[in-house]
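Trainee: Protein chains in written order, with the working numbering: chain A, 1 to 333; chain B, 1 to 390.
No lab work stands behind these hints: they were computed from the structure.
Check the hints yourself; a few may be wrong.
Unchecked claim - No more than 20 Å apart at the CA atoms, straight line, and that leaves these computed lysine to any residue pairs for SDA-like: (1) A:K36 / A:T67; (2) A:K181 / B:K106; (3) A:K6 / A:Q163; (4) A:K181 / B:P129; (5) A:K181 / B:L229; (6) A:K181 / B:Q116; (7) B:K106 / A:Q163; (8) B:K106 / A:T118; (9) A:K181 / B:R284; (10) A:K6 / A:R220; (11) A:K181 / B:N218; (12) A:K181 / B:T221; (13) A:K181 / B:M220; (14) A:K181 / B:V228; (15) A:K36 / A:Q210; (16) B:K106 / A:R160; (17) B:K252 / B:D81; (18) B:K106 / A:G159; (19) A:K181 / B:A226.
Source: prediction; values computed, not measured.
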Amino acid sequence: MSDWPKVRLHVVTGKGGTGKSTVAAALALALADSGKNVLLCEVEGRQGIARMFDVDPLPPEERRLTTGLPGADGEPGVVHALHIDPEAALLEYLSLYYKLGRAGRALDRFGVIEFATTIAPGVRDVLLTGKVFEAVQRNSRNKGAIQYDAVVLDGPPTGRIVQFLNVSNELAGLAKVGPIKSQSDTMMTLFRSPRTAVHLVTVLEEMPVQETADGIAQLREADLPVGGVVVNLVRPQDLSAEDLAVARAGTLDRARVASDLEAAGIEADTGLVDGLLAEARDHAERRALEDSQRVLVGGLGVPTYELPRLAQGVDLGALYELAASLRAQGMSS
Amino acid sequence: MTKSRTRVGPRGTRAPALDVDALLDDPATGIIVCCGSGGVGKTTTSAALALRAAERGRKVVVLTIDPARRLAQSMGIAELDNTPRPVADIDTADGGRLDAMMLDMKRTFDEVVESQASPDKAAQILQNPFYIALSSSFAGTQEYMAMEKLGQIHGTSVADGTYDLIVVDTPPSRSALDFLDAPERLSSFLDGRFIRLMLAPARGPARLMTAGLGIITNAMTRILGAQVLRDLQTFVAALDTVFGGFRQRAQKTYALLQAEGTAFLVVAAPEPDALREAAYFVERLSEDRMPLAGLIVNRASPVPAGTVSADEAMAAAERLRREDPHSSTAGMLRLHADQTRLVEREARLRRRFDAAHPQVATAVVPALAGDVHDLDGLRRVGELLAVRQG
Ligand SMILES: Nc1ncnc2c1ncn2[C@@H]1O[C@H](COP(=O)(O)OP(=O)(O)OP(=O)(O)O)[C@@H](O)[C@H]1O
Ligand SMILES: Nc1ncnc2c1ncn2[C@@H]1O[C@H](COP(=O)(O)OP(=O)(O)OP(=O)(O)O)[C@@H](O)[C@H]1O
Ligand SMILES: [Mg+2]
Ligand SMILES: [Mg+2]
Chain A
1 MSDWPKVRLH
11 VVTGKGGTGK
21 STVAAALALA
31 LADSGKNVLL
41 CEVEGRQGIA
51 RMFDVDPLPP
61 EERRLTTGLP
71 GADGEPGVVH
81 ALHIDPEAAL
91 LEYLSLYYKL
101 GRAGRALDRF
111 GVIEFATTIA
121 PGVRDVLLTG
131 KVFEAVQRNS
141 RNKGAIQYDA
151 VVLDGPPTGR
161 IVQFLNVSNE
171 LAGLAKVGPI
181 KSQSDTMMTL
191 FRSPRTAVHL
201 VTVLEEMPVQ
211 ETADGIAQLR
221 EADLPVGGVV
231 VNLVRPQDLS
241 AEDLAVARAG
251 TLDRARVASD
261 LEAAGIEADT
271 GLVDGLLAEA
281 RDHAERRALE
291 DSQRVLVGGL
301 GVPTYELPRL
311 AQGVDLGALY
321 ELAASLRAQG
331 MSS
Chain B
1 MTKSRTRVGP
11 RGTRAPALDV
21 DALLDDPATG
31 IIVCCGSGGV
41 GKTTTSAALA
51 LRAAERGRKV
61 VVLTIDPARR
71 LAQSMGIAEL
81 DNTPRPVADI
91 DTADGGRLDA
101 MMLDMKRTFD
111 EVVESQASPD
121 KAAQILQNPF
131 YIALSSSFAG
141 TQEYMAMEKL
151 GQIHGTSVAD
161 GTYDLIVVDT
171 PPSRSALDFL
181 DAPERLSSFL
191 DGRFIRLMLA
201 PARGPARLMT
211 AGLGIITNAM
221 TRILGAQVLR
231 DLQTFVAALD
241 TVFGGFRQRA
251 QKTYALLQAE
261 GTAFLVVAAP
271 EPDALREAAY
281 FVERLSEDRM
291 PLAGLIVNRA
301 SPVPAGTVSA
311 DEAMAAAERL
321 RREDPHSSTA
331 GMLRLHADQT
341 RLVEREARLR
351 RRFDAAHPQV
361 ATAVVPALAG
371 DVHDLDGLRR
381 VGELLAVRQG
């Protein structure tokens with residue numbers, strides 16, 4: 001059973017570089033079991049999806065990306081990808097809601113589109129979130145378009161996520177009339193509903209954990225639904241709590257280690273034994289820091305998931321491995 | 001930590017060693033800029049270099065951007081007031097000094113506006129919604145303001161000799177290139193077709209443009225309403241009067257970055273993304289004839305002692321676990337295997353970088369077991385930076 005059975009829109013945020021894109025991709029794979037259709041969206045214009053899945057750069061339209069992680073019945077679903085581009089979205093929006101004719105083309109030709117999407121407060125965000133909203137809200141009336149069981153958004157970093165999702169608020173001072181205004185109100189209804197969850201990715205270090213705590217407080221204040229915290233890049237847990245304590249105190253049993261090594265068929269020269277002890281001590285110190293941050297994460301009052309630091313890095317196979325881990329921990333069913 | 005454990009990275013890397021102390025001690029080095037992609041250690045490195053230079057006798061100011069709270073507190077810059085403050089508790093025996101500041105982007109921008117416009121006009125601009133968006137969320141504003149501040153500090157220190165070395169941290173951005181691209185981005189935005197169009201009527205007969213403007217303003221009024229359009233016109237008009245000087249200042253700072261006394265250091269983590277960004281940056285510096293001093297590979301995994309391979313260690317761990325499922329030596333061997341794999345991967349990544357950029361002098365700083373959040377931590381990083389890898 002999933003922790004998020006009602007959620008259709010999973011937004012993934014976190015401090016830069018903590019693994020938002022990796023987690024969003026793994027979550028999309030995890031959600032796409034048993035014939036389901038899942039859409040993975042990116043909004044930051046960086047072609048991160050294409051790089052992670054090793055495909056050509058994505059156009060600003062939906063594409064089939066790959067098969068998902070097979071479910072209990074052995075059947076996978078399909079993950080689709082959408083690279084959302086604000087300029088394309090604005091042009092589409094204008095032609096959909098306003099019959100601007102010549103003026104529409106002029107807007108583009110004179111750089112208004114570029115201007116509006118770069119600077120007009122909130123316009124860029126409302127366009128990007130608008131596309132996501134549309135994909136989530138699709139129903140049988142949208143002929144020919146895929147209806148998604150879930151949409152995963154590789155979102156902006158924690159510092160910008162509330163502003164990004166709080167579209168109607170952002171637009172309040174700008175577009176008081178017209179379809180932008182009424183659309184942004186419907187969008188807010190979805191974003192504030194239990195059908196949305198904003199997950200935060202962090203690593204067990206001071207700054208990212210602090211940012212996660214601040215992010216959760218801001219999301220709550222803005223009435224946006226906080227999802228889970230995904231703790232990424234967790235170091236190996238090969239030593240027990242007692243071993244760690246002894247390692248930190250510097251009192252690991254040298255003779256024991258040496259005789260164990262010999263017993264296991266490895267020549268226990270002093271260099272190796274010293275090296276292992278020093279590695280264990282550094283590791284223990286780092287683990288103590290991680291543990292103190294883990295306590296803080298545990299105190300945030302939301303479900304948490306942990307993903308290991310993969311020593312070989314993240315390739316396509318590793319994404320499925322991480323997906324399986326998220327599923328096993330209940331982030332998806 | 002024994003000496004041998006700080007030796008990091010592949011033995012036999014081709015890249016020459018970066019001599020950090022020679023760079024810091026050279027009186028001709030006037031500006032050091034630490035660039036790199038997000039989270040690699042730019043702030044830590046700039047603060048560590050600044051501290052080391054100051055304790056070696058230079059008069060240093062470090063311009064940091066968003067330092068971790070505890071680090072800012074330990075440097076006495078937790079309060080943002082956008083001016084350099086002396087750092088206490090540094091060793092001044094060699095006659096050096098260290099000031100530090102934390103950049104306040106919006107305030108720097110506001111100050112520029114205030115210095116360029118009459119008080120009434122400035123107040124009007126500061127409240128304009130388009131200005132607020134530009135000064136707080138336009139991609140590149142932070143980089144641009146870091147340059148503006150560098151220009152200001154450089155200007156005063158040349159005038160009164162307060163500092164002989166300025167160390168500059170750069171904003172957390174995805175790409176190291178953002179720092180170099182920011183002034184161009186802002187200028188091309190200010191020179192954009194639309195802004196020129198909005199200015200056209202004020203600039204005499206541009207009939208065609210004015211006709212286009214009519215269509216556009218009508219369309220925009222329909223979509224956005226009249227107030228927004230008025231705000232926009234105010235903003236654009238302000239751009240013309242206030243920001244003319246901006247472009248000139250940006251060019252001056254850019255020239256400063258190209259000058260002899262500047263040294264760029266590219267900071268990277270031994271990760272594919274960070275090293276790719278570092279490679280782009282190195283290439284870009286040479287295209288723009290900007291002085292690259294070297295690459296700093298930060299948070300490298302320390303090379304494990306001994307010659308036991310990852311596979312051997314794993315196999316031995318298995319054997320021990322069969323005898324005793326809770327064997328702590330087995331746990332240590334598994335850690336050793338993990339560490340060895342990380343180091344091998346990092347070595348591969350670095351070899352790839354070195355093959356394409358064999359001329360780039362490199363320093364390697366190992367990942368410390370703890371965080372770097374006080375002056376002692378910074379000193380430690382400074383020492384590690386100065387260890388020349390043979
Ligand atoms: N569990 C993991 N094990 C090993 N490497 C990882 C793991 N998770 C992420 N990485 C690596 O860390 C780097 C950063 O991850 P990612 O790009 O997902 O972060 P991000 O938060 O999306 O970054 P940005 O803020 O730049 O968008 C990548 O090189 C990725 O492959
Ligand atoms: N060599 C090191 N060993 C251990 N920890 C380090 C090392 N270098 C940096 N750190 C830690 O890594 C974290 C990130 O470093 P820092 O803030 O300097 O990165 P940055 O590049 O400035 O990040 P941003 O792009 O977010 O500004 C900090 O918590 C710092 O203490
Ligand atoms: Mg990303
Ligand atoms: Mg920083």
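Trainee: Against this structure, judge whether each hint is valid.
Mentor: These are the hints, each one checked on the structure:
| no. | hint | verdict |
| --- | --- | --- |
| 1 | A:K36 / A:T67 | holds (10 Å) |
| 2 | A:K181 / B:K106 | violated (29 Å) |
| 3 | A:K6 / A:Q163 | violated (24 Å) |
| 4 | A:K181 / B:P129 | holds (17 Å) |
| 5 | A:K181 / B:L229 | holds (16 Å) |
| 6 | A:K181 / B:Q116 | violated (36 Å) |
| 7 | B:K106 / A:Q163 | holds (17 Å) |
| 8 | B:K106 / A:T118 | holds (18 Å) |
| 9 | A:K181 / B:R284 | violated (43 Å) |
| 10 | A:K6 / A:R220 | holds (19 Å) |
| 11 | A:K181 / B:N218 | holds (19 Å) |
| 12 | A:K181 / B:T221 | holds (14 Å) |
| 13 | A:K181 / B:M220 | holds (15 Å) |
| 14 | A:K181 / B:V228 | holds (14 Å) |
| 15 | A:K36 / A:Q210 | violated (36 Å) |
| 16 | B:K106 / A:R160 | holds (16 Å) |
| 17 | B:K252 / B:D81 | violated (25 Å) |
| 18 | B:K106 / A:G159 | holds (16 Å) |
| 19 | A:K181 / B:A226 | holds (15 Å) |
Checked against the numbered hints listed earlier, the structure breaks hints 2, 3, 6, 9, 15 and 17; every other hint is satisfied.
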